[in-house]
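K.L.:
Read off the chains here:
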Amino acid sequence: MTKLKGWFRALLRFPSAVMGLAIIAFLLGVSAYALITIPYSEAVRLWRGGEDVWYKNPKYAAPSWYNFFTSKKLPLSFVVDTADGSMSKIVTSNDPNISTVDMTYSFDYTYDGFPDEMILYFTPTIVQKFPFVSVSWLTPDGRKIRIADMAVGGNSTFRFSQDPKLGTRLNTDKVMQALFADPKADPKATTPTPLKGTYQLVISGTTFDKGSDIAAQFVFQGKLFGLAGTDKYRRDLMLPLLYGTPIALAFGLLAALGTSLVTMIIAAIGTWYGGWVDELIQRITEVNLVLPFLAILIMVGQFYSRSIWLMLGVAILLSIFSGSIKTYRSIFLQSKESSYIEAARAYGASSSRIIFSYLIPRMVPLLIPALVTSVPSFVFLEASLAVLGLGDPVLPTWGKVINDAWADGALYQGRYYWVLEPAVLLMITGFGFALLGFALDRIFNPRLRDI
Amino acid sequence: MATETLDTPAPETPLVKKKFSNSTFMRLVRYTALRLVTLAITVTVAVYLTILIANMGGYVDTIMRNEARDNITQSIASNPAYRNLAPAVREKLLQEKIAAEVERLGLNQPFAVRSFRYLTNALTLNLGRSIRMTSNAGSKEVRLILLERLPATLLLSGTSELFLFFASVFIALSLSRKYGSWLDKLTIALSPTSAAPPWFYGIFFILIFAAIFRVLPFGGLVDSPPPVNKVAYGLNVLKHLILPGMSVIVSSIFLSIYNWRTFFLIYSTEDYVEMAKAKGLPPRDVERRYILRPTLPTIITNFALLVITLWTGFTITETVFGWPGLGITLYHAIGYYDTPVIVGSTIIYAYLLALTVFLLDFVYALVDPRVKVGSGNSQ
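If you're matching them up, the sequences are chains A and B in order.
When the first sequence is numbered by my numbering, its final residue is 451 and no position is left out of the sequence of numbers.
When the second sequence is numbered by my numbering, its final residue is 379 and no position is left out of the sequence of numbers.
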């Protein structure tokens, strides 16, 4: 215990180790948050659910912090609803049966671009007759544009730019530009400029029965969405970024731990028994050196299953007989001859006792840095497999996001956020473990201490 | 020291000297032959393992059976001679032909027997025919598809690995001389960057140099249409090589420099190096003859391990850069579900790895005095 404390104190003397520890702590925090707030089944549903889960999000929306980096500010997406009071709703009634429902929402629009789409979702409570709504649009310069008048016979959706009547009335096929453009702007300009100011959406509804009601939801799909943006399928990228963290950490840590522990045990057994056991282990190592690691993983992914846990198992199996077995072997060969092992042998300790209680514990100082430094390579391995299209089919992971972005030509199209977000997270993870591993190496490897 | 005797032969009688060099040569040959035999066995085992993995789920058999069935159904349906047969007769004929084809392919033999036939086929690079992919020349032979892509991979891996090797060894040497300088500290600080694989840097390089500054191409081997002039063609390929090559180099160079610098530093505290310094030898001589020369075998072993891990990395690097090598073929084969190509690539990769190991072993034998003199049994 005191030894552990001493190591920890030595570790804190390295600024890089402190940084690495901070990064790992942050990642663990994010993982815990992701796992607590989004249960596994919910994560899979949100990621693989289909259009009906993501329909309210804009397509290819950049994250909201994108506006910090551009002089042209792009509109942010939002959703308001009468159900939760974010859109005002006033019901007035002079007649026992007929009542008017006024729903309005005003918002400041100070952006330099036009939104993608605006959608209204109506949820009526129908008793006998269908409620009726008329929608109008008030611009900052006082114009009032009639949008639509319709009877709401069941849950219905009104998409502003896909309504042919509205298009004809505005005499354009670009409804969003017509609604937001400044009519006094330079007519010769090739692209219209949006009029900044307070816009108001007014929905006046009428119900014709007692107990009949209308609720409305206004979905404004801008060019930016949330803290992470969305992809081609309108999925919120926040989900894979958050949920990818525990997956990446679990994969990296389990693979690193499994590989280094098993490698060490096998090296210890080989050296202890010597003879044909040792010879066999060495031959297997040589064969394994020639086995193409990634190609075998690809074959397994293609022919058996793409489950991340199978991949993890195969990755561990293929990494056990690696070059490090030789390093461990040479060290075990030395400690095998030391006097304390001889003493153990003299009092009749069993082979397994010597291996597991005397040989291996001595190697822990060497094991820990090797373990920590090998974590990033496994984290990146998971991402690499996903980039090759062999990622787990249901799990939202960072590599999957890069793969989707790559398949969609995100860099050619200028959608840098889509690639950069998961890439930066991968880099941070890699860096955190690498920094810590380097510091640990210097603490535990006495030969490096002065260099 | 062995190196000393080799560099400056002691005044011996010519006869003895000749005998010495002769036996050195013989030892080299014996060592190389031994390594070749070991590697051949290793490759055979590795390829057999590959076949086992590919076949364990019976996938390859199913695919081959289905392919045979499809081909025969097609040929019977399109043959006018069978058109007037009654359906029952035709069905019987079909079953018979399929059975004959299965027999011909040997699919009814037990797997243990078949696997050895697959092994001989694989070892002789008789990799079968692809399902959907074709080579540029239009052939469906997996071997031709893969061999056609080999030069591009070798170009990329060869240039980047050679550059990596020489650059990192020489930078490491000069850093170990300037131990503690800010350049040295910078390298140490940058060494964690090697945690990321080449394709990862590739994404950033594409973003910076292709997408934002538009100075280098996004990917590919040459422009489309390719330049007619041979020199222009070569230069164009070089231009396309910069980004993928740079990704490979950047992803491992800092760690290699760091490792080798540490290694040299440890070595330069050895007594005989101190003695050489004390004798007043110029630093260059000390480095070359007292540090670099004895550590060369270790450097080469480490480099071999690095090259082997890099081979794996090229699959994705090529995919990211659209570099028409083996890696991207494997990637496309995954997309097309083209089993023969996937298995074939794995086997070719195994061969390439073995070849790398052999080449580096050979270089190792050339530089390791223990092999030449024959003392000790080097691994």
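It should be emphasised that the hints constitute simulated quantities derived from the structure, not laboratory data.
Quick caveat: nothing in here was measured; it's all calculated off a predicted structure.
Treat the hints with care, as some may be off.
[To be verified] Quick list of simulated restraints, FRET-style, between CB atoms:
(1) A:Y273 <-> B:T134: 20 to 28 Å
(2) A:S335 <-> B:L162: 35 to 43 Å
(3) B:A86 <-> A:K59: 25 to 33 Å
(4) B:P283 <-> A:K336: 38 to 46 Å
Note that the Cβ used here is the ideal one computed from N, Cα and C, for glycine as well.
K.L.:
What hints, given by number in increasing order, does this structure fail?
P.N.:
When the structure is compared with the hints, numbers 1, 3 turn out to be violated.
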